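Novice: Here the protein sequences line up with chains A, B and C, keeping their order. Yeah, the first sequence ends on 177 if you go by our numbering, and it's all consecutive. Yeah, the second sequence ends on 1657 if you go by our numbering, and it's all consecutive. Yeah, the third sequence ends on 2158 if you go by our numbering, and it's all consecutive.
Since the hints were derived computationally from the structure, they do not count as laboratory data. These numbers were taken from a predicted model, which means no experiment stands behind them. One thing to keep in mind: the hints can contain errors.
Unchecked claim - So, partial list: chain B residues that the calculated Cβ filter (under 7 Å) puts toward chain A:
#1 L1316
#2 A1334
#3 L1374
#4 A1378
Stated by the list, open to error - Heads up, simulated DSS-like pairs for lysine-lysine below, C-alpha to C-alpha not over 25 Å straight-line:
#5 A/K22 x C/K2044
#6 A/K105 x C/K2126
#7 C/K2059 x C/K2044
#8 A/K22 x B/K1424
#9 A/K78 x A/K105
#10 B/K1268 x B/K1486
#11 C/K2044 x B/K1383
#12 B/K1268 x C/K2044
#13 B/K1268 x B/K1113
#14 C/K2044 x A/K78
#15 A/K78 x A/K163
#16 B/K1383 x C/K2059
#17 C/K2059 x A/K3
C-beta atoms are modelled at their ideal positions from N, C-alpha and C, and glycine is treated no differently.
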Amino acid sequence: MRKLLLFIPLALFLGMGFFLWKGLYLDPREIPSALVDRPMPAFELPSLTEPERNLTVADLTGEVALVNVWATWCPTCKEEHSFLNQLAQQGVTIYGINYKDEPVKATAWLQRYLNPYREVILDQEGRLGLDMGVYGAPETYVIDAEGTIRYRHVGAVDANVWKQLQAVIEQVEGAGA
Amino acid sequence: MIPELGTYALVLALCLSVLLSTIPMVGAQRGNLLWISFARPLSIGVFFFTAISFVALTYAFLANDFSVSYVANNSNTALPWYYRMSAVWGGHEGSLLLWVLTLAGWTLAVALKSRDLPADILGRVLGVMGIITTGFLLFVLFTSSPFERLLPRSPAEGADLNPLLQDFGLIVHPPMLYMGYVGFSVAFAFAIAALLSGRLDAAWARWSRPWTNVAWAFLTLGITLGSWWAYYELGWGGWWFWDPVENASLMPWLIGTALVHSLAVTEKRGVFKSWTVLLAIFAFSLSLLGTFLVRSGVLTSVHAFAADPERGFFILMLLLITIGGSLFLYALRASEVKSESSFSLVSRETMLLVNNVLLTVICFTVLLGTLYPLLVDALGMGKISVGPPYFNALSVPVGALLMLFLGVGAVTRWRRQDGTALLKQLVVPFVIAIVLGVLSLMLREGESTLWTYVGVILAFWLLVMAISDISDRVRRRSTPVLANLKRLPRSYYGMQMAHLGVAVLAVGIAMVSAFNEQRDLRMAPGDTQQVGDYTFVFEGARHFDGPNYSSDIATLRVFYKGEPYDVMQPEKRLYTARGTVMTEVALDPGLFRDLYVALGEPLENGAWAIRLQFKPYVRWLWLGGLLMTFGGILAATDPRYRKQSRREQSKLETANA
Amino acid sequence: MQRYLFLLMLWAPLSWAAIDAYEFRTPVDEIRFQELTAELRCPKCQNQNIADSDAPIAKDLRREVYRLINAGAADSEIVDFMVTRYGEFVLYRPVVNSHTWFLWYGPYLVLGVGALVILMIVYLRKANRRARPDAKKTELTAEERARLDALLEKDNKG
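Let's have the full structure, built from the sequences with the hints guiding it.
Specialist: Here is the structure:
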C-alpha cells in the first residue's frame, strides 16, 4: 500500500507536465471577447465621411459584416489595409471604427490608401472601443444581421485569418437562414 | 574568432560532462574505484571549459563585437563597461550560460571539498550533477547559443541594454539567485545518490546540510535583492507582485526552507528520511520548473525572457527526464527506508512536520495560483487571471500559522514533551507578545487591520520566545553568562538569526501594507503637499544630458514638521538608443520609513504629475531577508562539520593503521 | 530575430511610471481608486495592473474608474463594468465559482490532508513499535533509557 502511495508524486508531476505541454501551444496573452453573442454596444457617433450625420447600431444591421477597429497611428493597421481593400472588392461588407484618432489624418489616410469601409465611425475618445472591449488596434469583429457580435480577431487580418473569419461568417449566415 | 572559441569550449565541456555523467556512475555501481576517481578531474574540466566560454562571451561584450547577435541585441558602445559586463546575463542565452557556469561551479566545489565522502557516493553525486550539466549544455548548444553571428552585415551599433537593466541590481541579483537555484542541485544530487546506493541514513543528511544551507542562503539573498531592486527601479514603490517569475523563485525557496529543517531532523534523529529525500527532489524540481516558466512563454510576465515554444519543449523534456526520473526512482527505492524511532504528538519532530506541511501548503498555493490560468485555458474554460489579491488572501493566514508554530517549535523537546507543561511555558510569552503588539500599534495613527495586529503580535512572539530560549540556555549552571554564550554552537546563532529575520520581515510586511500613504497629484512650481509629518515643496524641473540618455530632473524640498529636512530629485530619462523612457525615483531611505518620489508626465506651464509616497518600515523587508541570509551562512559554516570530518578522518587512519 | 526585436519593444511601456493627477472629492475615493486600479489587470500588458501600466488602454481604464467613482458607482459596479467589456481576464481576484473553487479551497484541503498525515505518522509509528514481535529486542533497558534521556537533554540545550 505504501509502495503505491510513493508513486503519487510522480503521478502528480506527470499530470502537471501534461498541462505544461498543452500550455506551450496556447497564447496566454490572447483574450477572447467578452461580448461574443451579445449585441453591439449602443452608440451615437459621427461618420468620418459625413460629419453632420450620426451613426448608430442600426446603420450596421441588415447583413453579416465585419467591423474593423483601426487608426492612423497603428502600423499593423497599415499592413492589413491592402487585404481589407481586396475583401471589399470581393463584396465583403466592412464597417470601420476610427479609434482614438484625428479625423483629418484619418480622411487623408483613407484617400491615400483607399477606403474599403461602407461606413467609418469616428470614435475619437475611444468610448465605443472601450464598450466593445478593444484593447489594441487593429481588431476585427464579425457581427450578424441583427448587430450581435459573433467573433473577434485581435491583430492584422491576412489570408489565414480570413479563412477563420469566413468560417464564422458562413456559420452565422447558416444559422440565420 | 573568440565567439567561436566560446562555442568550441562549450562543446568540449559537453563531451566532458557526458563522461562525467556516465563513468563515475557506472564505477559506483560496480565498485570500480578507478572509474570513480575520474569524477574529480572531469568536474574540473567541465568547469574550466564552461568558464572559458563565459569569458569569451564577456570579451565579446567588452570589445563591442556586434557581429555576435546576442551582443548586438543587448549592448551599445555608449554603455558603461560595468553594465556591458552584466549585460552578459541580461538576455536569455547569456543568462542560461551563467546558469550552466554556476552549475559547473557547484559541481567543482563538491568535487574539491568532499574528500571524506565514501567513494561511491561522491561518484554518484558528481555523476548526477554531470547529467544535469549535460542536459543544460545540450539546451544551450542546440537552441540558445549566445555565440550566433550576424554575418555578413553586422550592425555598427548595438540595440542597447534595456535601460531598466542598466542598474546595480542587474550586477548582483541574477548571480545570487542562480547560486541559490542551482545550489539546490547539490542536495538533489545527494538525494539521488542516496536512493541509488540504498544508503539513506543520517550520514547522508549530514553531508547534504552545509551545501543546502549555503544554497538556501544565496536564494534568500537573491530574492531579497530582486525585491529591493524592483522597489527603487520600477517607479511605483511596490516590493512584491506575485508575478509568475517571482513565484518561480519563491517556490524553491519555500521547499528549500522545509528541506533545511528536515535535513536537520534527519541528521539528529534519523527520522523523516524519505520525506527529506522527497523535499530535496522537489526543491530542485521547482528550480527547474521555474526555468521552464520563465523561458517558455507559457505564462505572461514582465520579467519573462523572449518566448519560444521550441525552447519550452526542450526544457519540458529536461524536466520530464530529471524530475520524472528522480520521482520514479524515489517511488521504487524509498520504501526500503524505514525510520526506527517514534515520537509523540507533542514533540519537536511533530513541530518540524507541521513546519514542513505549512511551507508545502504555501508552496502549493503559489504553484496553484501561478498555473491556474494555464489550467483553465487548457481545459477550454476561458481566460482568467490570478494575482496578488488571491496570493495574499491565502498565504497570509498560513504564514501566520507558520510563525505561531515557529515560536513553539524552538522550545519543544525532541521525542516527547508534556503538552500541558509546554502550554504553561508558552502562556506568559504569548501574553507579553499580545500586549507589546497591541500597544505599539495603538500608539500609531492610522488604519491597522486585523492582520496588521496579527503580524506585529507574532513578530513580538518570535522575539520573546527567542530571548527566552537564549536566556534559558545561558543561565544554566554556575558558569558565567558570557562563557555560556560562547559555548553555544554557531548553528544555534544561525538559527536564531534566521528566525529573527522572519520576525523582522513580518513587521515590514504588516507595517508597509497598513500604513503606506500615496498621493498622485499635479504640482506646479511652488505647490506644496503634506504627507504625514512631511511637507513637499515642488520647485520645478530642469534638463540634463547623460552618457546615453537625456533627462528632466525635478527638485522637491522636503520639510519635517516644518523644519528643512532634505532635497529630493526624481528624474525622467529618455534613453537615446532605444527611445525608451525611464523613471528614476528619488528615495530618502530610513530605517523606519522611506520617502519615495516619482516624476510622471509634464503638464502645462511647468507643472508635472508627481507621486509622493510615505512607506513606513519598508526597509525591514530586506533587513529580514539579509538576517535570514546571514543566519543560513552562519549555520552552514558551523565548525562541527569540520570537526566531524576530522574525527572520521582520524578514525579511518587508526583503522587503516 | 525580428521576434526578439518585437518583444523588446513591448518592454518599453513598462518603464514609465503611470501617474495621473486626478483630484478626488474625498480621501476615501482616492483610496478606492488606488485599490481598484491595483486589482484590475491591464488587458494588453505583460501582467501588470492598470495602476502601474503606462499603456494607452490602461490610461483609458483608469480614467473610466475615476469617472465611475465620481459618478457614485459602488466598487462592485465598477468591477462589473470592466468584466462586461473585457471578461474575467481583467480581475486579479478571480471570481469564486465552480471553475475556481479548487483554486480558492484547494490549499485548505491540502492543509487538512497534511494535518491528517501528521497524525497518522505519529500514531502509526507508535502502533508499529508496539506491534512488532521483536520489540523486546529493541526495547531499551531502564539504564539505556536514562542515558538516552540525558543525551536528548544535552541536545535540547544546544
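Novice: None of the hints should be skipped; say for each whether it holds.
Specialist: Tested hints:
The interface hint given for B/L1316 holds, since its Cβ lies 6 Å from the closest Cβ of chain A, which is under the 7 Å cut-off. Restraint check, B/A1334 versus chain A: the minimum CB separation of about 5 Å is within 7 Å; hint holds. About 5 Å separates the beta-carbon of B/L1374 from the nearest beta-carbon of chain A, less than 7 Å, and the hint is met. Evaluation of the B/A1378 hint against chain A yields a held restraint, the C-beta minimum of about 4 Å falling below 7 Å.
Pair hint A/K22 plus C/K2044 holds up; C-alpha atoms about 23 Å apart against a cutoff of 25 Å. For the hint pairing A/K105 with C/K2126, the CA-to-CA distance comes to about 83 Å; that exceeds 25 Å, so the pair is violated. For the hint linking C/K2059 to C/K2044, the alpha-carbon distance of about 12 Å falls within 25 Å, and the restraint holds. Taking the CA atoms of A/K22 and B/K1424, the gap is about 54 Å. The hint is violated against a cut of 25 Å.
Proximity of A/K78 to A/K105 is assessed by CA-CA distance (about 13 Å); at most 25 Å being required, the pair is judged to hold. For the given pair, B/K1268 sits about 22 Å from B/K1486 by alpha-carbon distance, which is consistent with the 25 Å threshold. Between C/K2044 and B/K1383 the CA atoms are separated by roughly 13 Å; this keeps the pair inside 25 Å, and the hint holds. For a cut-off of 25 Å, the pair hint linking B/K1268 to C/K2044 is broken: about 53 Å separates their Cα positions.
Taking the CA atoms of B/K1268 and B/K1113, the gap is near 23 Å; set against the 25 Å cutoff, the hint holds. Under the criterion of a C-alpha separation no larger than 25 Å, the hint pairing C/K2044 with A/K78 is consistent with the structure, at around 20 Å. For the suggested pair A/K78 and A/K163, the alpha carbons sit about 20 Å apart, so the restraint of at most 25 Å is met. Annotation: proposed proximity of B/K1383 to C/K2059 holds, straight-line Cα distance about 22 Å (limit 25 Å).
The straight-line distance between the Cα atoms of C/K2059 and A/K3 is roughly 57 Å, outside the 25 Å bound, and the hint therefore fails.
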